[in-house]
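Counted the way the working numbering counts, the sequence shown spans residues 2 to 387.
Simulated from the structure, these hints should not be mistaken for lab results. Given the structure is predicted, the values throughout are model-derived calculations rather than measurements. For every residue, glycine included, the Cβ atom is placed at its ideal position computed from N, Cα and C. Any given hint could turn out to be false.
Listed below are the simulated DSSO-like cross-link pairs for lysine-lysine, each with C-alpha atoms no more than 30 Å apart in a straight line [as the list claims (entries may be wrong)]:
#: 1; residue 1: Lys260; residue 2: Lys248
#: 2; residue 1: Lys284; residue 2: Lys332
#: 3; residue 1: Lys85; residue 2: Lys144
#: 4; residue 1: Lys382; residue 2: Lys248
#: 5; residue 1: Lys382; residue 2: Lys45
#: 6; residue 1: Lys354; residue 2: Lys382
Pair ranges (Cβ atoms, derived) [claimed, not checked]:
#: 7; residue 1: Pro128; residue 2: Asp74; range: 55 to 65 Å
#: 8; residue 1: Trp170; residue 2: Thr132; range: 54 to 64 Å
#: 9; residue 1: Glu52; residue 2: Ala383; range: 32 to 42 Å
#: 10; residue 1: Glu220; residue 2: Leu258; range: 19 to 29 Å
#: 11; residue 1: Arg295; residue 2: Ala383; range: 43 to 53 Å
#: 12; residue 1: Lys85; residue 2: Gln106; range: 24 to 34 Å
#: 13; residue 1: Ser193; residue 2: Lys260; range: 39 to 49 Å
#: 14; residue 1: Leu224; residue 2: Thr163; range: 25 to 35 Å
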Amino acid sequence: MQNPLALIAVAALAQLMMALSTPPAIAQQQLQALPVTVAAPLAKRVTQWDEFSGRFEPVESVEVRPRVTGFIDSVHFKDGQMVKAGDLLFTIDKRPFQIAVESAQAEIARTTAQVDLADNEVERAAPLAKTRVLTEREFDKRKADLSVARAGLLSSQAVLKTAELNLEWAEVRAPIAGRISNRKVDVGNVVSSGQTGTPTLLTTIVSLDPIHFTFDVSEADFLRYARLFLAGQRQSSRETATPVRVKLADETDWKRLGKMDFVDNQLNARSGTLRGRAIFENKDELLYPGLFARMQLFGGEFDAMLIPDTAVISDQARKIVFTVGPDNVVKPVPVTLGTIVDGLRVVSSGLTKDDRIVIDGLANPAVRPGTKITPQPGSIKAAVSN
């Protein structure tokens with residue numbers, strides 16, 4: 002009886018001998034039968050969007066501090082609520098300021114009486130001075146007394162305005178509309194106006210709609226934008242509201258649209274970056290001051306080649322695509338990639354519109370540089386943009 006293991010070994014050896022005896026031409030014909038889809042890159046004029054990281058900041062931000070010194074009598078807001086400009090926030094004890102107003106009013110009454118008396122004295126002295134019954138010196142003195150009385154009245158009126166202003170400032174109102182923070186001082190505490198030190202911080206208010214987004218542009222990007230502007234290929238963000246769009250950390254689409262409204266006048270000496278700022282509507286108030294986000298800045302339009310992202314192969318530090326020449330031999334071509342546009346990868350350099358690139362069949366280990374294949378015609382189509 003024959004050994005089964007020996008029979009298996011003989012069969013395997015026979016198959017190996019048949020594989021080794023296959024002529025190279027037949028092996029090449031078998032390789033050429035592999036389906037490999039090729040297509041020309043999609044030539045299209047695309048819009049370049051440069052991405053930057055940044056944070057949202059309020060358009061207006063106010064530290065609410067008292068203008069007069071006194072005791073906090075009452076608080077008129079709930080911590081964290083939305084307030085309107087002019088809303089009453091704190092009331093400082095008004096009694097000392099009301100007394101000051103009444104005292105100033107009394108002083109005005111007194112100085113008004115002095116002015117009336119001095120004016121009557123001058124009127125009575127005028128005819129006497131003409132007949133020289135009253136000396137010229139005495140007449141001048143009465144006119145001087147009238148001027149002093151009038152000056153005293155003006156001073157009293159200024160004191161009354163100051164007292165009325167302090168009484169008005171005893172009501173601390175919101176200078177802007179926005180969301181208020183928590184109160185820093187409770188009822189019964191003394192707050193200072195800052196005449197003898199730092200004013201007491203009562204609370205803070207930040208506006209939410211619209212809202213700013215600040216970011217930093219590298220020196221290289223700044224030079225590129227400047228040269229595009231000088232060449233007439235891109236408008237300056239200082240002179241034109243350049244379009245921008247932003248995406249939050251949990252979002253996948255760039256649906257929030259805004260525009261540039263400020264570019265700083267110098268680069269930061271330490272970081273070598275230039276500060277830029279955009280403005281966005283924030284009707285739903287989802288964009289919050291301090292929130293991190295990614296922003297895309299309009300970088301102009303240019304002609305580019307578009308290919309599927311799956312056609313790109315990583316070769317150590319390079320990105321390459323497989324092209325097929327007239328001899329149907331696969332050849333690697335290094336490329337410089339850009340962003341995704343309409344579902345396709347932008348190739349800024351390395352390809353022409355006449356190239357044929359491999360878009361399907363890369364998973365087959367036989368499709369490698371130097372391999373001769375049988376190309377199957379295909380096409381590259383852009384996704385429908387919203």
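Here is how each hint holds up against the structure:
| no. | hint | result |
| --- | --- | --- |
| 1 | Lys260 x Lys248 | holds, 14 Å |
| 2 | Lys284 x Lys332 | violated, 53 Å |
| 3 | Lys85 x Lys144 | violated, 53 Å |
| 4 | Lys382 x Lys248 | holds, 26 Å |
| 5 | Lys382 x Lys45 | holds, 11 Å |
| 6 | Lys354 x Lys382 | holds, 14 Å |
| 7 | Pro128 x Asp74: 55 to 65 Å | holds, 59 Å |
| 8 | Trp170 x Thr132: 54 to 64 Å | holds, 56 Å |
| 9 | Glu52 x Ala383: 32 to 42 Å | violated, 20 Å |
| 10 | Glu220 x Leu258: 19 to 29 Å | holds, 27 Å |
| 11 | Arg295 x Ala383: 43 to 53 Å | violated, 23 Å |
| 12 | Lys85 x Gln106: 24 to 34 Å | holds, 33 Å |
| 13 | Ser193 x Lys260: 39 to 49 Å | holds, 42 Å |
| 14 | Leu224 x Thr163: 25 to 35 Å | violated, 56 Å |
Violated hints for the displayed structure, listed by number in ascending order: 2, 3, 9, 11 and 14.
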